[in-house]
Amino acid sequence: MTADRAAASYRAGFVSRLGAGVLDAIVVVVGTALILVVGRMVAAVFAGFAFSFPRPSGIERYGALSVVYVLYLTFFWTTTGRTPGNYLAGLRVSTSDGARLSVPRAFGRALICHFFPVGLLWVLISRRNLAVQDILLGTAVVYDWNARRATTLATGSSGP
Amino acid sequence: MDDRADLGDANARRQGVPDTALIVATRVAAGAAIMAIASVAALVNRRGDGDGDGDGGGGNDGGGSDGDNEEPSEDVDRTVRSRVAAALLAGLIGAERRAADAVQEARTRIQPVVDSARGNPLLRPIERLLSSGDDLVDRGRGDAGEGVDQVLQAWDTVLDHLVRDALRHVDVNELARSVDVDAIVARVDVQGIVERVDLDAVVGRVDIDAIVRRLDIADLARRFLEEIDIAQVIRESSGSLADETVDIVRQRGADADDRVAGFVDRILRRTDARDTRVVGRSPVQSGGEAS
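Protein sequence lines, in the order shown, are assigned to chains A and B. The first sequence maps to residues 1 to 160 in the working numbering. The second sequence maps to residues 161 to 451 in the working numbering.
I should point out that these hints are in silico values taken from the structure, not numbers from a laboratory. Don't be surprised by glycine CBs; every beta carbon is placed ideally from N, CA and C. Mixed in with the good hints there might be a few duds.
Covered by chain B, according to a simulated footprint, are these stretches of chain A (three or more residues, beta-carbon under 8 Å) [said to hold, decoys possible]: (1) 10–24; (2) 127–133; (3) 137–145.
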């Protein structure tokens, strides 16, 4: 599974990662709402509850979203290395040496991303395009959609 | 007619019942005249028919080719005679009719007188004479009608002969040669005829549905699809389209990354480039999903 081939990748910048995060947030919100509604429907059909659209309180809503979001990030980072938002932005999350994240590291990274999202702003400052969570957990977010273009981009950006 | 009627009327008024004898005598005379006329007409007719047949036959026997030429003139001769006879007969018939009408008129006017005198034994012979006069009139009329029929028949025959003779002298070939067919054709407006033909109506009568039914469209389409791998085409086009769109989004994102990084670096007065290179195992290889 691990091809020991040295390959050059480049850490992604702030805009791509922010866009991927926004997309993931949208997917999670919509998905959570769908899960709640479908769950109510299933409950109404099989448990005899009267169906009504869920009206969770603020805390319930935040709690549900938090759980779904963290699980969502962990699942995708540990399986494919990229969430749907990452896929569209052409990004992949890996360890600093390019390996796929383990479940604990992915889970920890998901928690930081969720509860401390401003950590992403460090990408703007970092000379190596690292966010706070990357520094803490030794991870990296790299361009991964077209080697030639990525190389071109990186060469362009790394010029003096 | 009117004269006679007036005369009879005047006589009847002037002389009374004894004038019946005069009326009867008039009728008898009229009947006799009609009979004589009819007889003459019949005689003339018969003689004309007989002459025509006889002369025509002789001409054919002796003259050979001349017979054809003589026959029409004899026919015409006979026609003239027949027409004269017919005119005479018609005149006589007219006169007879007028006489008969006058007698009838007189009889009607005298009838009351006769009726009053009926029963008188002295007048019976006169009555008998009167009725016999009526019979004579009727018979005369019948003969005259017969004569008219014969005359009309003869006239038809003459016309028939005349037309046939005229046609015999017409050279149809000569006539045809004199006809300028080219001129006639030139006068035909072919363009006009074509314009008058409603092609739309003709096309409207064509049963296109039937033609389409005869074409096996399904088989045609199947063969067409067999020639091209439509699934492959769809795969390639949609896949490349999606890839292209996503690539554009990614490219824009990467460009924005570079600009934002460059902006921040300028603010921070950094002169050396960022070190974003990751050296290690290829994430593409380690990731299960090929991009």
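Please verify the coverage claim for the segment 10–24 of chain A: does it have three or more residues whose C-beta sits within 8 Å of some C-beta in chain B?
Coverage by chain B holds here, the residue count being 8 at a Cβ distance below 8 Å.
How does the coverage statement for the segment 127–133 of chain A fare against chain B, requiring three or more residues with Cβ below 8 Å from a Cβ of that chain?
holds (count 3)
Outcome, coverage hint (the segment 137–145 of chain A, chain B; C-beta under 8 Å; three residues):
holds (count 5)
Checked against the numbered hints given earlier, this structure breaks none of them.
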